[in-house]
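**Student:** In case you want the letters, here they are:
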Amino acid sequence: MRFLREIRLVYVRSLRPPLRSPASVIVGMAMPLVYLVLFGPLLQATTGGTGRDSWRWFVPGMLVQLTLFSTAYAGFSLLPELRSGVMERLRVSPVSRTALLLGRVLKDVTLLLVQAGLFIGLAVVMGFRASVGGVLLCLLLVALTGIAVGVTSYTLAMKLKFEFALAPVLSAVVVPLMLLSGVLLPMKLGPKWLYDLSRANPLSHVVDAARALTVGSFENRSVLVGSAVAVCLVLLCTFWGARSFAREQA
Amino acid sequence: MIKVRKLAKVYKFHGHPVPAVNGVDFDVAAGEIVGFLGPNGAGKTTTLRMLATLLRPTSGEAVVAGCDLLSDPAGVRRRIGYVGQGSGAGTEQRVVEELTMHARLYGLSAAGARTRVEELLGEFELADAATRQAGSLSGGQRRRLDIVMGVVHQPDLVLLDEPSTGLDPHSRGNLWEHIAKLRAQHGTTVFLTTHYLDEADKLCDRILVTDHGTIVADGSADELKARVAGDLVALETADPVATAEICGRLTDSKDVTVDGAGVSFRVPRGNKVLPGLLRELDQAGVAVTSVQSHRPTLDDVFLTLTGRSLRDSTAG
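These protein sequence lines are chains A and B, in that order.
The working numbering puts the last residue of the first sequence at 556; the count rises by one with no breaks.
The working numbering puts the last residue of the second sequence at 547; the count rises by one with no breaks.
No lab work stands behind these hints: they were computed from the structure.
A hint or two may mislead.
Here are the simulated BS3-like pairs of lysine-lysine, each with C-alpha atoms no more than 27 Å apart in a straight line [as the list claims (entries may be wrong)]:
1. B:Lys234 <-> B:Lys456
2. B:Lys234 <-> B:Lys412
3. A:Lys467 <-> B:Lys243
4. B:Lys243 <-> A:Lys465
Every value quoted in this text rests on a predicted model; they were computed, and no experiment measured them.
Could you put the whole structure together from the sequences, leaning on the hints where they help?
**Tutor:** Structure below.
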């Protein structure tokens with residue numbers, strides 16, 4: 307089908323620059339790595355549970371944090387091409403606007419999965435143990451979330467058009483989303499208003515689902531909720547993104 | 232190849248309508264090279280971008296390469312090539328990879344794209360730069376690369392927006408040769424915008440002179456220049472007053488001006504008028520020290536049509 311072919315062409319094109327400078331991919335992991343290495347061990351001490359349980363609680367949350375930080379800023383890569391005339395050239399070609407968006411996002415999700423793999427590897431070194439099936443399903447959930455966040459980032463970039471406009475919007479959104487998703491400490495520890503706020507954050511449900519999957523309780527309700535949230539996010543964000551990409555035709 | 236009727240684009244700026252294109256009408260036949268000439272702000276780029284389906288017209292209609300612009304923009308996109316003012320190649324992409332991908336977007340197979348790209352790289356003198364990143368190319372090379380991207384799918388119509396702006400004189404001349412070859416060797420129709428008089432003069436069969444969103448003249452360079460009241464003849468003599476008087480008596484002479492020792496005026500077919508004029512001045516005992524006859528330039532055309540010099544308008 308032509309649409310899939312176009313997505314593949316855009317995807318391969320988008321992968322070339324990061325493949326040429328893989329260092330930037332590693333640097334993109336910096337934040338979650340820092341938390342893993344410098345905060346993770348502290349968590350072991352505070353929760354008082356066995357080391358294995360703490361890592362199983364902590365690592366999925368960190369994977370979602372990695373997803374957020376890795377894909378939320380994806381939109382920046384669009385801005386130079388928007389300014390230079392590349393996007394204009396692509397928009398005059400017969401390629402579907404949605405393919406232009408999805409091809410790029412798939413690149414970001416691919417890089418995200420590579421980062422997630424490295425992250426899990428390092429976590430295993432630090433003491434993380436979980437079922438392979440659980441971790442793979444976790445990665446699927448993370449990939450879906452990455453698509454949703456990435457699409458949103460590109461759509462915002464398309465609308466805001468400049469770094470000085472995009473950066474504050476993303477920064478204002480990313481950190482609260484992270485803090486309200488329970489990745490660092492359980493939200494139940496805080497006051498009710500904070501907990502309620504976190505329930506309104508779709509990412510906290512994704513985190514809960516990821517944790518359930520890692521522990522192996524696939525029939526846990528959070529898995530269903532989290533997966534449904536992720537799928538809904540993907541559909542909503544992609545719909546919004548595709549419309550914006552098509553509409554910029556003015 | 233292009234049929235435009237009453238095409239207009241009005242922007243809304245804080246609630247005030249700002250007309251960029253005021254209802255233009257024109258036709259471009261297959262195989263022509265037609266230029267949109269006008270100062271910055273005349274609406275040339277806006278018109279071109281509407282024809283390229285990048286902007287939606289506010290009103291009017293157009294048929295581009297056989298497809299209706301408003302109802303079948305996808306059809307237009309398949310059939311045209313567009314070279315915008317910016318550079319269409321990603322700076323971090325390798326030239327040959329970027330081109331091959333672009334060709335495949337138009338439906339060429341992987342092998343077909345490779346062959347076509349190789350062919351074009353050779354034709355446009357970019358074979359040496361094929362494996363380099365697009366960002367490392369010189370200005371002239373980048374512009375040629377942009378044109379290659381515009382013609383990789385062998386469109387019948389190519390739209391060029393200010394193709395040689397920013398290039399040095401050698402690169403400009405080189406670019407014009409390649410543009411002319413598009414029509415000469417492939418029969419491609421070319422529609423370009425420019426604010427350079429020499430570009431319009433050298434390249435275009437027909438020129439549409441635009442100002443403030445409307446077309447003020449439509450014709451070949453020669454036809455437009457013939458509209459101006461003739462050639463400019465400039466003399467330097469020992470007796471400017473007498474010279475001016477004699478020049479003024481010539482048939483069809485206009486705008487006789489005296490400036491120090493110099494006298495200038497406009498007359499059709501200056502080259503035919505000069506021999507007789509010089510004989511008359513000689514008989515009247517006026518010593519002529521220098522004489523020049525200039526064919527009208529497009530700047531003269533623009534001045535006649537709009538009351539402003541194109542050079543001044545562009546500089547502003």
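**Student:** Hint check: Lys243 (chain B) vs Lys465 (chain A), CA-CA at most 27 Å. Holds or violated?
**Tutor:** holds, 18 Å
**Student:** Check the hint pairing Lys467 (chain A) with Lys243 (chain B) against an upper bound of 27 Å on the C-alpha distance.
**Tutor:** Holds, at about 19 Å.
**Student:** Given the hint that Lys234 (chain B) pairs with Lys456 (chain B), does the C-alpha gap stay at or below 27 Å?
**Tutor:** holds, 25 Å
**Student:** Are Lys234 (chain B) and Lys412 (chain B) close enough, with their CA atoms no more than 27 Å apart?
**Tutor:** holds, 24 Å
The structure shown violates none of the earlier numbered hints.
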